[in-house]
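Chains as they are written, first to last, in the working numbering: chain A, 29 to 190; chain B, 567 to 1145.
Fair warning: there could be bad hints in the mix.
Covered stretches of chain A (chain B as the covering partner; in silico rule of three or more C-beta atoms under 8 Å from a C-beta of chain B) [unchecked claim]:
#1 50-56
#2 104-115
#3 154-165
Computed cross-link-like contacts, DSS-like style, restricted to lysine-lysine with a CA-CA straight-line distance of at most 25 Å [unchecked claim]:
#4 B:Lys864 - A:Lys50
#5 A:Lys129 - B:Lys1129
#6 A:Lys174 - B:Lys797
#7 B:Lys1044 - B:Lys1067
#8 A:Lys101 - B:Lys859
#9 A:Lys167 - B:Lys626
#10 B:Lys1005 - A:Lys87
#11 B:Lys1138 - A:Lys171
#12 B:Lys862 - A:Lys80
#13 B:Lys862 - A:Lys61
#14 B:Lys1126 - A:Lys87
#15 A:Lys61 - B:Lys824
#16 B:Lys584 - A:Lys186
#17 B:Lys862 - A:Lys50
#18 A:Lys84 - B:Lys1135
#19 A:Lys167 - B:Lys824
#20 A:Lys171 - B:Lys1077
#21 A:Lys80 - B:Lys824
#22 A:Lys61 - B:Lys1126
#23 A:Lys174 - B:Lys1126
#24 B:Lys824 - A:Lys50
#25 B:Lys1044 - A:Lys87
#26 B:Lys591 - A:Lys167
#27 B:Lys650 - A:Lys171
#28 A:Lys129 - B:Lys1085
#29 A:Lys87 - B:Lys864
#30 A:Lys174 - B:Lys1005
#31 B:Lys1106 - A:Lys171
#32 B:Lys859 - A:Lys50
#33 B:Lys1135 - A:Lys129
#34 A:Lys171 - B:Lys1085
#35 A:Lys174 - B:Lys1135
#36 B:Lys862 - A:Lys87
#37 A:Lys84 - B:Lys824
Hints were generated in silico from the structure; no laboratory data involved. Note that beta-carbon positions come from the ideal geometry of N, C-alpha and C, so glycine has one too.
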Amino acid sequence: MSCNCKNEPRQELENYLENGNKTESDLIPILQKAQEIYGWLPPEVLSLISEKTGIKPAKIMGVVTFYAQFRTKPVGKNLILLCQGTACHVNGSADIESAVKGELNTEEGEMTEDGLFTYNNVACLGCCSLSPVMMIGDKTYGKLTKESTVRVLNEVAKGVKA
Amino acid sequence: MRVTVGLGSCGIAAGADKVFNLLNKELEDFTPCGASAVTGCIGMCYLEPIVNIDDDVYVKVDEEGAYELVKLLKGQKNNALSYKASAQDIELLASQTRIALKNCGVINPESIDEYVLKDGYKAAEKCLKNMNFEQVIEEIKTSGLAGRGGAGFPTWFKWNAARNSVGSEEKYIICNADEGDPGAFMDRAILEGDPHAVLEGMLIAAFAIGANEGIIYVRAEYPLAIIRLEKAISQARQKGFLGKNIFGSDFNFDIRIKAGAGAFVCGEETALIASLEGGRGMPRLKPPFPAQKGFKGKPTNINNVETFANVPWIIRNGGEAFAAIGTENSKGTKVFALTGKIAKGGLVEVPMGWTIKDVVFGVGGGIQNNKSFKAVQMGGPSGGCIPAVLENVTIDYKSLAETGAIMGSGGMVVMDDTTCMVDMARFFLDFTCKESCGKCTHCRVGNRRLLEILERICGGGGKDNDIELLEELSEEIKAGSLCALGQTAPNPVLTTLKYFKNEYEDHILNKKCTAHSCKPLLTYRIIPEKCTGCTLCARKCPANAITGTVKTPHVIDSEKCVKCGDCVKLCKFDAIVTT
Ligand SMILES: Cc1cc2nc3c(=O)[nH]c(=O)nc-3n(C[C@H](O)[C@H](O)[C@H](O)COP(=O)(O)O)c2cc1C
Ligand code: FES
């Protein structure tokens, strides 16, 4: 998968990198910024960061692969964060995952064919009292059942197409 | 008249933002109260969305409820009473002792003025104007405050060590808001509901150790907390509570936020520092402790969010007042996140010395659907399960440690008889395996082997000597890991083995899961007397394992059955059972 880095996002990132003296201790915020711009971290972008800051590519990759937040694959328009924390586990989050998998016909971290969704398992979204919980974009859905999960996915998919 | 809506992340997920917008639209030009204000989470998550009108509390307010409240306010005929919180729920709230959560759900977290009206920043002013650093540390020592992040280390001792650390003028204060325990949200609620209390606590700590810079390391999954903290910091700067010459003294202090990037191990202090410095968050050997060599190699003091939130109260009311609450060796209160199979889930703050039973059956309202209480998991993946027979154990660092569990940071996941304890141990091991940084072989490989054994047992492949193997391996992992992540990872296994050995034996020897939770160990059966032959299950079965003709009892072919459990949920006649 190649990245369709248009000039604009690249410009935005370059401006950010050139603003102030960015050093190794800024690496995590830099990667967070890059991912905010691109949605994920394409190899070209990592090279650009290395070039502009002088941080070694190996060091950058080390950090990218260490933290769960950083993605080295493109994501769908809607990122689903499926909670697998303790409270959600006790209240049946495994069933919710199988519903999501079945409905989207995809595996964790993989984009659906239509590019609409990617789902990731996460540990605790901090809304344990509403477990099981998932987040799509910045919206949280609680007290999920298999049925309500499928309903939400359909609504979101429709909303995007409309 | 004042109308407020609880808008923590949990409230918003329950639909409180819709209610808030609706009230604002309707009340905008209504002079007696005007638009409604935001508050954080009061802790009664099971009743959300919650709206307060002066001292009256309205719960489970949906859009319809919001319209009823508008009618009530405007003096029209209404049905608002049916949304009013029950006297019992109000009593449960009143039965708690609130120090760290004092302002949560009460004040508007986005308004520094409301915090100041609640004696906010008075404690910091008192320290900077009338006390020296020794007196501040002494007051904290008198209070007996211990770290709320998990380890329970005396706070004054850490402050004193950082203060006495010589050789550097540059020192740092770090607030650990990485809240990694999956199933706990105390720190999130404090940051979202009362961010200034944390800033004030940090300011006091900075004065005590002589630091001029503070950093709050916040978990990436808490975007709302970050927004509220940013607002709070900028307001505090405007008021001169952060910045140069605070309260006219020669003391300077400022705070910045650093968002984590999703790694549980970064909650460990040396890993947190490595992460702040831009690297992989891997723990290192201690000593040197952060108090000697921390961020950028300088003396650094790290405390948890709740620890900091207690500090202003202690300075205002005196260390002795705090020490008067609690037990011989655990002072003050503790915030718990009650979740799982609890009837009244949410946040509670209770004095140390209450029993587990007081919490679960008192403020927690007992178990959902009147099922029986089986165990409570405390301390998350580093902690352990405390069985129902020990419900009279008191909440106290020492008594909890004696059970094999720990106080932890405040997660309390309540389990009933449908929770399988072997599966719980498997769940936590799965978590620690994913989160191990990989530095120590015992943690990286040993925990994976532990997980594999547990997976095998849950999958029906348990072998005779598995229990001995689990115990032996657990001890080795504890001995062979550098940081507390590895050292404590086997705790969920060891405590479940200690209290629920029979469940392990059932899985291994009889291939049975008494909680009916491990699907590979279940067989599904239709009770012919109950089956009406409605054909629903046969039509919906994904494996075509159910056969039968209309109006005659159906049967399940156990060879074909994939044990998804869908039929049990579908059946309207409770005719399908698992054995
Ligand atoms: C794996 C691991 C994860 C931790 N996670 C947290 C955390 O999320 N929040 C926290 O305050 N402390 C956490 N701690 C404890 C910290 O290392 C440290 O003890 C604490 O922040 C000190 O603050 P306190 O003395 O106020 O409790 C963790 C420790 C370990 C070993
Ligand atoms: S465990 Fe799922 S939100 Fe906390």
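Next pair to validate is Lys862 of chain B with Lys50 of chain A; report whether the Cα-Cα distance is within 25 Å. holds (16 Å)
Hinted pair Lys174 of chain A and Lys797 of chain B, Cα distance within 25 Å: violated (38 Å)
Compare the distance between the alpha carbons of Lys61 of chain A and Lys1126 of chain B with 25 Å, and conclude whether the hinted pair is satisfied. Judged against 25 Å, a Cα distance of about 50 Å means the pair is violated.
Does Lys1135 of chain B pair with Lys129 of chain A here, judged by a C-alpha cut-off of 25 Å? Distance ~19 Å between Lys1135 of chain B and Lys129 of chain A Cα, so the pair holds.
Quickly compare the C-alpha distance for Lys864 of chain B and Lys50 of chain A to 25 Å and report which way the hint goes. holds (21 Å)
Given the hinted pair Lys171 of chain A and Lys1085 of chain B, is their Cα-Cα distance within 25 Å? holds (22 Å)
Under the criterion that the straight-line Cα-Cα distance not exceed 25 Å, is the pair Lys174 of chain A, Lys1005 of chain B satisfied? violated (39 Å)
Please work out if Lys1126 of chain B and Lys87 of chain A have their alpha carbons no farther apart than 25 Å. violated (51 Å)
Can the restraint linking Lys167 of chain A and Lys626 of chain B be considered satisfied, given a maximum Cα separation of 25 Å? holds (19 Å)
Measure nothing beyond the straight line between the CA atoms of Lys101 of chain A and Lys859 of chain B; if it is 25 Å or shorter, mark the hint as holding. Measuring from Cα to Cα gives roughly 38 Å; hence the hint is violated.
Claimed coverage, the region 104-115 of chain A by chain B - three or more beta carbons nearer than 8 Å: holds (count 5)
Holds or violated: Lys1044 of chain B to Lys87 of chain A, with C-alpha atoms at most 25 Å apart: Measuring from Cα to Cα gives roughly 30 Å; hence the hint is violated.
In summary, the numbered hints that this structure violates are 6, 8, 14, 18, 20, 22, 25, 30.
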